[in-house]
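Enquirer: Here's the letter readout for the chains.
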Amino acid sequence: MRMPEPDAKTIARRARIARDLRRIVPGDGVIVDEDGLRAYECDGLSAYRQPPLIVALPSTTEQVSRVLRYCHENAVKIVPRGAGTSLSGGALPLADAVTLGLGKFNRILDIDLANRCVVAQPGVTNLAITQAVQAEGFYYAPDPSSQIACSIGGNVAENAGGVHCLKYGLTTNNLLGLEMVLMTGEVLRLGGKHLDAGDYDLMGVITGSEGLLGVITEVTVRILRAPETARVVLMGFPDNESAAATVAAIIAAGIIPAGLEMMDRPAIHAAEDFVHADYPLDVEALLICELDGPEAEVTHRIEQVESLARHHGVKTLRVSASDAERALFWAGRKAAFPAVGRISPDYYCMDGTIPRHALPTVLSRMAAMASHYGLRVANVFHAGDGNLHPLILFDANTPGELERAEQFGADILKLCVEVGGVLTGEHGVGVEKRDLMGEMFSEIDLMQQQRLKCAFDPGQLLNPGKVFPTLHRCAELGQMRMSGGSMPFPEIPRF
Amino acid sequence: MPQTYRPDTAAQVAELMAWAVAEATPLSLRGQDTKAALGRATNTSHVLDLSALTGIIDYAPNELVLTAQAGTSLTDVQAALDEAGQMLAFEPPDWRALLGRPNGPNDPPGTLGGLIACNLAGPRRLSAGAARDHLLGVHGVTGRAEAVKSGGRVVKNVTGFDLSKLMAGSFGTLMALTELSLRVVPRPETARTVLVLGTGEHAAMEVMSHGLRSPHEVSGAAFLPELVAADSEVAAVRECGRAVVALRIEGPEPSVAWRSEALRNELSGWGPTESLDGADSAALWTEVRDVRLLMTPPEAQIWRLSVAPMAGAAVVRTLEDHAPGALLGWYYDWGGGLVWLALAPTDHAHAAAVRQAIALHGGGHATLVRADPAVRAHVAVFQPQPSALAALSRRVKESFDPKGLLNPGRMGEGR
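Protein chains in written order, with full-length UniProt numbering: chain A, 1 to 495; chain B, 1 to 415.
Keep in mind that a hint or two might mislead.
With the C-beta cut set under 7 Å, the calculated list includes, among others, these residues of chain B facing chain A [unchecked claim]:
| id | residue |
| --- | --- |
| 1 | 6 |
| 2 | 99 |
| 3 | 102 |
| 4 | 132 |
| 5 | 170 |
| 6 | 213 |
| 7 | 310 |
| 8 | 317 |
| 9 | 318 |
| 10 | 321 |
| 11 | 323 |
| 12 | 324 |
| 13 | 359 |
| 14 | 360 |
| 15 | 380 |
| 16 | 384 |
FYI, nobody ran anything at the bench for these hints, they're computed from the structure.
Here a beta-carbon is modelled for each residue, glycine too, at the ideal position from N, C-alpha and C.
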């Protein structure tokens with residue numbers, strides 16, 4: 001993975017930059033010592049590490065604005081960072097960039113139940129928002145599996161999902177307002193407690209922009225009333241095909257479950273060994289289907305789901321009888337990543353999305369790839385919305401295995417695109433899938449995305465080296481090209 | 001007469017744009033011409049008519065995704081969805097009557113591209129999201145004459161910048177859309193509407209908030225003041241002689257029965273309650289959605305305000321104080337957060353008073369949906385933005401359309 005060549009002149013100016021930043025961010029908010037920097041050298045994609053030039057930890061929007069303006073004026077790159085849980089390297093530092101940590105923005109500013117929203121600083125964790133309102137019977141719907149640690153600002157940057165997306169949407173569908181700072185230091189407010197921000201949907205395009213467009217300093221999210229009842233149907237199937245057919249039948253019957261997850265045999269066994277969720281071990285595929293809503297509706301829907309599953313040859317079927325049992329059924333799924341971590345020295349988590357109908361094809365081709373690469377793979381899958389999380393098992397201490405795992409992963413993502421899906425459903429492109437963007441987008445598509453970046457960050461100082469495989473300068477992107485000509489930029493560096 | 005071009009393939013749209021770029025010729029974009037009166041008028045000598053780009057490209061109901069060419073008539077989209085028992089959850093409104101367009105059963109209802117370009121949504125916006133929340137991917141041609149795509153055909157996708165979101169509500173000023181993929185959902189089996197009669201304005205905001213905070217999954221929450229309720233097509237609303245709060249419950253029949261009964265019990269302290277079923281319930285939400293409740297007088301200027309839900313009534317009260325006599329009628333949707341106003345026509349459309357009232361009560365935005373073209377030419381139809389934001393919006397426009405060829409001026413000066 002090649003990153004942009006570090007700028008030696010910026011690195012040489014490090015002491016001076018640190019001194020200037022200390023004038024903006026007082027106290028312990030500027031980190032330059034080696035031990036301190038090491039804590040920031042990677043995010044959740046820990047195969048890649050790079051200590052940052054400097055870490056700045058501002059605590060007010062004013063400080064963020066002044067840091068960005070200073071860096072803009074002095075051509076210093078910025079890597080924004082929330083809780084550092086990105087699985088795609090979105091917060092991977094650069095040797096010549098200031099890592100801007102938002103961890104001190106950790107307060108909930110307003111809980112407004114009458115308007116059903118919460119205003120929070122970006123460093124507040126996803127789960128803390130739900131915890132702040134659950135006594136009143138509310139919750140925040142998007143629930144990425146890292147919700148105990150990941151920050152709401154990072155959720156916006158990545159457009160985070162979770163197991164409840166099918167019914168309740170991703171971050172972008174649950175966001176009402178933002179305060180953000182442009183690289184120039186300008187502070188913008190978008191949306192608020194009202195619906196739709198109006199004009200161009202800048203909030204929509206900032207969501208999921210992976211820290212390339214601006215730094216988020218305040219977030220307003222909608223909260224939902226917790227459902228009266230939620231129950232889980234746990235279903236074991238003799239093969240992947242019958243499980244996939246049951247998923248299709250549930251959707252075809254007009255049912256949108258709150259969560260609809262699938263695990264394959266290796267994932268079931270790893271999870272069961274780890275958390276003892278009482279999963280059946282003599283099945284090839286497990287479906288976890290959560291129905292929520294009023295009691296009368298949940299009872300009715302569960303009867304429908306049971307009947308559909310039996311029709312498609314379900315082998316074992318249990319309905320949670322209590323909240324404790326529902327939590328137990330979920331525990332295995334939610335612990336699937338660490339569970340797989342126990343059976344393999346390392347694992348690599350993929351994140352493609354496919355049309356649901358392609359699932360059996362994709363699973364069987366993935367099995368063929370696994371034997372080709374000589375690596376095991378365990379699958380957990382947001383079956384309802386087609387989002388796959390294959391976990392490739394490998395040992396980084398065995399020479400060549402990491403590279404093989406990455407190659408296997410890239411092949412899986414290419415397969416996802418081939419069957420009509422996409423490279424990433426919720427983890428982001430970051431550095432991890434950057435060089436695969438050409439599988440999904442043409443050069444023209446990518447250049448238009450980069451032109452949008454130029455509208456926000458003309459110096460391309462925010463999080464460079466992420467998302468886009470080829471860096472074009474804004475002045476070149478802005479030129480009108482005559483159709484029919486050849487690509488006019490042979491001199492552009494590729495990295 | 002303006003020269004109109006009506007390409008029937010996306011490639012022809014790109015060719016035409018290439019010509020427009022070479023000649024620096026601005027184009028007005030048009031589908032079935034049902035929403036031309038929305039936004040500022042564009043006065044170009046050439047029109048790009050996209051209504052020949054028709055046809056559903058891919059619709060597998062089990063995938064919950066529909067892909068169609070941008071000029072596909074909503075009639076055809078609706079028919080396909082009806083057959084599969086599905087719908088566009090954002091409840092697309094029909095503003096033809098509001099905007100003075102022919103709206104009989106055989107008149108064109110508008111195109112899918114036009115619906116998305118205007119980011120319109122009906123009462124279910126508050127629970128299901130707006131058009132933009134259901135747009136999964138787009139293909140289009142920029143003002144650089146480049147065919148660009150974004151997004152995809154799956155619900156969960158974070159690959160690259162979400163340019164699709166920008167297209168929703170851009171009124172054709174960024175790209176000429178050629179193909180769209182939308183999320184669709186199963187149609188609820190039944191719907192019922194609980195009415196609470198005779199509450200005051202502020203109490204109505206409380207009643208709607210209570211409903212929306214309840215576990216009963218309210219999917220529509222409107223308040224019709226007495227004078228507006230008297231114009232309803234639904235007899236129970238028209239003839240009750242009181243203001244009406246309406247709360248919609250949707251889902252499987254046993255669930256709807258149980259939830260609407262529970263809601264009636266919980267709200268009985270606010271006033272007498274009623275329940276509307278089937279056709280009556282549907283008719284009420286259609287007239288709320290399509291603004292048929294503010295049809296008279298026909299010369300009234302119509303504003304659409306989005307504010308914090310609990311601020312709705314306060315905004316109207318402030319406006320009554322600041323522009324006495326201007327208010328001819330009003331009602332609320334989205335739990336109070338969407339305020340529809342009919343104002344006595346003036347040159348300035350009371351724009352300053354409307355926007356001040358919003359600013360005083362926590363902010364939001366106001367759109368002048370109906371007024372003479374001359375008024376729309378000098379009154380900001382869309383909420384003016386603070387300068388840094390306006391500058392960013394202009395740069396975004398330039399990134400797609402540097403020569404300002406697509407629908408020039410539709411959203412405001414330079415856009």
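Enquirer: Against the earlier hints, flag every one the structure doesn't satisfy and list their numbers going up.
Expert: Numbers 1, 2, 3, 8, 9, 10, 11, 12, 13, 14, 15 and 16, in rising order.
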